[in-house]
Amino acid sequence: MLIRKPADIPTSEITSESTYLNRRSVIAGLAATGLVGTSRAAPDHLETGTAQKELPGVTSGPFSTDEPPNSYEDITTYNNYYEFGTGKDDPHRNSGAFRPEPWTVRVEGEAEVTGEFDVEGLLSGVGLEERVYRMRCVEAWSMIIPWVGVPLGEVLKRFRPTSRAKYVAFQTVFRPDEMPGQRRRVLRWPYVEGLTMEEATNPLTLLAVGVYGVTLPNQNGAPLRLIVPWKYGFKGIKSIVSIRLQESPPSTSWNIAAPREYGFYANVNPEVDHPRWSQATERRIGSGFSGLFARRIPTQMFNGYGEQVAQLYSGLDLRRNY
Amino acid sequence: MNTRVYKPLLFAACLAPVIWLVLRIAGVLQPGLGANPAEEIQDELGVWALRLLLATLCVTPAARLLKKPRLYRFRRMLGLYAFFYCMLHPLAYFLLDLQLDFAHLGEDLLARTFITVGMGAVLLLIPLAITSTRGWQRRLGRRWNRLHRLIYPAAVLACWHFYWQVKADTAEPLLYCAILALLLGIRFWWSPLRGRLFRGG
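Chains as they are written, first to last, in my numbering: chain A, 1 to 322; chain B, 1 to 201.
Incorrect hints may have been included.
[Unchecked claim] Stretch-level coverage of chain A by chain B, calculated; a stretch enters the list once three of its residues show a Cβ under 8 Å from a Cβ in chain B:
(1) 54–64
(2) 270–278
(3) 296–309
[As the list claims (entries may be wrong)] Some chain A residues near chain B, calculated using beta-carbon distances under 10 Å:
(4) Ser-71
(5) Asp-89
(6) Trp-141
[Unchecked claim] Among chain B residues calculated to face chain A with C-beta under 7 Å, some are:
(7) Ala-16
(8) Gly-34
(9) Ala-35
(10) Asn-36
(11) Pro-37
(12) Arg-138
(13) Asp-169
(14) Tyr-176
If you are wondering where the hints come from, they were derived from the structure by calculation, not from laboratory data.
This one's a predicted model, so the numbers in the text were calculated from it and none came from an experiment.
Every residue gets a Cβ at the ideal spot worked out from N, C-alpha and C, and that includes glycine.
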């Protein structure tokens, strides 16, 4: 297996450890004065026995909402990750045997630089940012999640996509030994998702490695996952092992499973209902008396990120391209 | 079989899922209800409604196959409990999920087919619950039996409702559908309808 760093990072761009440490102390100093926000402290109720490590050098990125984030417990015990089972608590309960380290990602297709990269190589030279995003599930519930990651566009451009790169296809790892959900063919494995090149390089789109300042727990898609906050949650493919740049749109897992219910775009849209339920409102997990009377709030077009992404879809009939 | 012992036992057993749920809501019992308690409560009540509907439908075949006619004494209680859970399930949906939003309820009933189907099941069970008393049984005579066959379409709608709200993993709803098919199939096998349909065959 060939493991190398992208060839196109000039050594001048690679931060030396001393500069890096120095920058950290500067940022910490600024944070103390309140001039620069830093990542929130790791939650003190981290489960014992998990391998979550604090991520160093996380700065506070743009586009964050000031809505109060959901608890670490909500975010890590209520998940849709069918590779670990279809129940909401299955990923939390069944992902203990999953090994997110070591991890390599295959970059292939329409790019000048391709190959197999370890996660560190893939992300080296791009600063980790905390982005507090709204997460709207296609099942009409939502959370506020403080992700840690890097803009996908920053990563992609280093592979120098060719002019034929119109789409990016992602694939989740296939490990039925460690992912009990993959032993049954609930969806076609491995899970596949995709974005147009414009969507992939939009500054909102994140390649996330952490949540609440620590590395991603297995149930949240360790070690590397996609975050596309203006789309329904299922677009946020988890535990990515392959990134392929290509000319044609990939067939995506949920679209294959139920084409009338889940389209390629899957933009959050309160006006286009799922055939079996309304998308006009959403249940905000964690609110209202321990969630028992969780607030139902109106769903926003593009999940409230229209300012950043609406222009991507001008002229597109969103009712047909759901 | 001592009915005086078994009836209270069955009563308590049928009530157990509600008590279990209340204790989980109160945080006394684990596992808790998780991040989306309203959904968990709805799902639990719904699946118990379906289980009790199927349990009610088990009584007749069981009594016949085991030659234990005394089992019929438990049918009313099971049926009423099925109705009880069939009422609590949409009540939880309306109270916790929709939070008394009547407009949303109206829209859901009209536009969301799986909810329409589920509501149909509940409506079919209402006359059965009302006429479940001995008095009504006497008054209706033979028509009582015919009326109470409404539990068959109600159970079909309930299974359909379950199957339709699942996103991809249809294993559990299909299991309930299979049990229902078996319970209805055995009745068809026993019914004069079969003889009429397949005469000369």
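Consistency of the hints with the structure:
{"no.": "1", "hint": "54–64", "in the structure": "violated (count 0)"}
{"no.": "2", "hint": "270–278", "in the structure": "holds (count 4)"}
{"no.": "3", "hint": "296–309", "in the structure": "violated (count 1)"}
{"no.": "4", "hint": "Ser-71", "in the structure": "holds (8 Å)"}
{"no.": "5", "hint": "Asp-89", "in the structure": "holds (6 Å)"}
{"no.": "6", "hint": "Trp-141", "in the structure": "holds (6 Å)"}
{"no.": "7", "hint": "Ala-16", "in the structure": "violated (21 Å)"}
{"no.": "8", "hint": "Gly-34", "in the structure": "holds (6 Å)"}
{"no.": "9", "hint": "Ala-35", "in the structure": "holds (4 Å)"}
{"no.": "10", "hint": "Asn-36", "in the structure": "holds (6 Å)"}
{"no.": "11", "hint": "Pro-37", "in the structure": "holds (5 Å)"}
{"no.": "12", "hint": "Arg-138", "in the structure": "violated (44 Å)"}
{"no.": "13", "hint": "Asp-169", "in the structure": "holds (4 Å)"}
{"no.": "14", "hint": "Tyr-176", "in the structure": "violated (16 Å)"}
When each numbered hint is compared with the structure, violations occur for hints 1, 3, 7, 12, 14.
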